[in-house]
Amino acid sequence: MSNKELSRILFSIAKYLEMEEESFRSVAYRKASRSISSLDRSVEDIYSEGGPEALKEIPGVGESIALKIEEYIKTGKIKYYEELKSKTPIDLSEIIAIEGMGPKKAKILYQKLKVKTISQLEKAAKGHLIAPLRGFGEKTELNILQGIEFLKGQKGRFLLGEVYPIVEDVLRGLRSLREVEKAEVAGSFRRSKETVGDIDLLAVSSEPEKVMEYFASQPDVAKVWGKGLTKSSVRMAEGFDMDLRVVSRKSYGAALQYFTGSKEHNVATRRIAISKGLKLNEYGVFKGTRRIAGETEEDVYKAIGLQWIPPEMRENQGEVELALENKIPRVVDCKDMRGDLHVHSNWDGGNDPIEVLAEVAKKMGYEYIGISDHTQYLKIEHGLDEAQLAKRDLEIDKLNEEYKEFRILKGCEANILNHGEIDIKDEALSKLDYVIAGIHSSMKMGKAEMTERIITAMKNPNVDIFSHPTGRLINTRDEYQIDLEKILRAAKEFNVVLEINASIERLDLKDEYIKRAKKAGVKMVIGTDAHIKEELNLMRLGVAQARRGWAKKKDIINTGSVEELLNNFHD
DNA sequence: GCCGTTTTCGGCCCGACTGTTTTCAGTCG
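Here my numbering is used: position 132 in the first sequence is 132, and no number is missing along the way.
Treat the hints as calculated values from the structure; they're not laboratory data. It cannot be assumed that every hint is accurate.
Straight-line C-alpha distance at most 27 angstroms; calculated DSS-like pairs for lysine-lysine [to be verified]:
#1 Lys116 to Lys77
#2 Lys107 to Lys74
#3 Lys554 to Lys447
#4 Lys404 to Lys425
#5 Lys56 to Lys107
#6 Lys87 to Lys123
#7 Lys182 to Lys152
#8 Lys77 to Lys123
#9 Lys327 to Lys363
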């Protein structure tokens, strides 16, 4: 059993309860679900150490949910959940993945039209059976069809952040085997693409049968597609496939290069090899039949006259040409990061007190953490008003007195209202160390209006950072309509830093826009948008995204010291 | 169903937006 599965079931229960108008109970389940999905320990371990009592230590888990988790660990099922499912037997999670569809609509469509699956839903919409229903209409029907199309577009792709902890676990497991000399993940995962299809793993071992046996019998494996001595392929319980290849030590680097891709990058590198009278394949670099490189990736690139290229850059976007001239930039690295400015504390409904967040940040080696609680407009996120902000800042002052080489910065994530106004008084904003502003409402504005709205907000001298600039949710929601070039020019002119939001479903700015921002001379900041302390480690996703956008250390302001950082902001 | 520097019971989940309706239900953040 994985935390992920459990979290998914609790989330599903929450959605079923919404169907039943059980709103408070639903919120409780959703909270528990979120909490569990971001735990850094396995729920099973927690249970085996301390039983249901230990489970209750998990935020959002109380008596009742603890018992349900126990039931799940012991029997693999939760009776309560099974009952909810049998009452309304539909693919709820799939159907509500369609933008605009929620549990209530799903229930009506089941009751009136017996719609249980996406394909039945599509059929019903195409047959114009939905529009005549009370509460539905032409537009809803159309939105459903568009939503289904959107979902089809990303079928089979998983979010990088979703699979990250699972891949790490598998890799750790492989590396811990005595029979494994080394192991690494390749493919789009290694390139840190925002979504990944299947996961490609490589290992060097003199006893492949034992390695493959281990790989195929991991607890999370749902199905074994094939198991051989050089390649095995499995479907994980979470729904994605993993391939493991065991290669010889001599060709490990070449295999890593080959399986990391991208395909386009590989075509380009092979072409370079040919131009030098060499041959590059997954076994090595060959001069005639003699292998001249292959053991390490560095050797492989060197043998064909190229500088080593960070995996995140391997998309054939000009990186091969740069490598030929030894001009690959030193892109930003996790080690460069000195702090996180996008963190929500328990003041705005986040999970953890400022003190706890600061301690985690310190342990991560940071020199500062910025607390950016929501402001008042976002009622559901317990946004703070001017007085509450001031009160919170007293707490920060007090904590700061205790620290020597570490500082907690006072920030907020304010809301940009429909005409570019900020939802909290300038007087309050000016007292903070920095202000993040972002859009959390009216996301379907027209392009011109939306662009104007954002630029108006940027003109506010208190606004320092523009958070999740395009508002997209990967695989779920498109970007808002904005004129990015205009926004970039305004950011430069009004000295506003653009965020690279590292949360799993956002990764916003995306790679391409990071390049454009860089070109426009706009500074960026990587923020995790953590609502609980464990999410501070999403920084690595944000850094990976920045690397995909070829950002250097100097492009990212939270690689600087506190003084350097604050210098980027208005007074 | 969870939680407690307002409480072990009674709060918590508000407001905008959309697409439906002629006053509102469902969805989203």
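Now for the hints, and whether the structure bears them out:
no., hint, in the structure
1, Lys116 to Lys77, "holds (22 angstroms)"
2, Lys107 to Lys74, "violated (31 angstroms)"
3, Lys554 to Lys447, "violated (31 angstroms)"
4, Lys404 to Lys425, "violated (32 angstroms)"
5, Lys56 to Lys107, "violated (32 angstroms)"
6, Lys87 to Lys123, "holds (23 angstroms)"
7, Lys182 to Lys152, "violated (37 angstroms)"
8, Lys77 to Lys123, "violated (32 angstroms)"
9, Lys327 to Lys363, "violated (35 angstroms)"
In summary, the structure is inconsistent with hints 2, 3, 4, 5, 7, 8 and 9 from the numbered list given earlier, while agreeing with the others.
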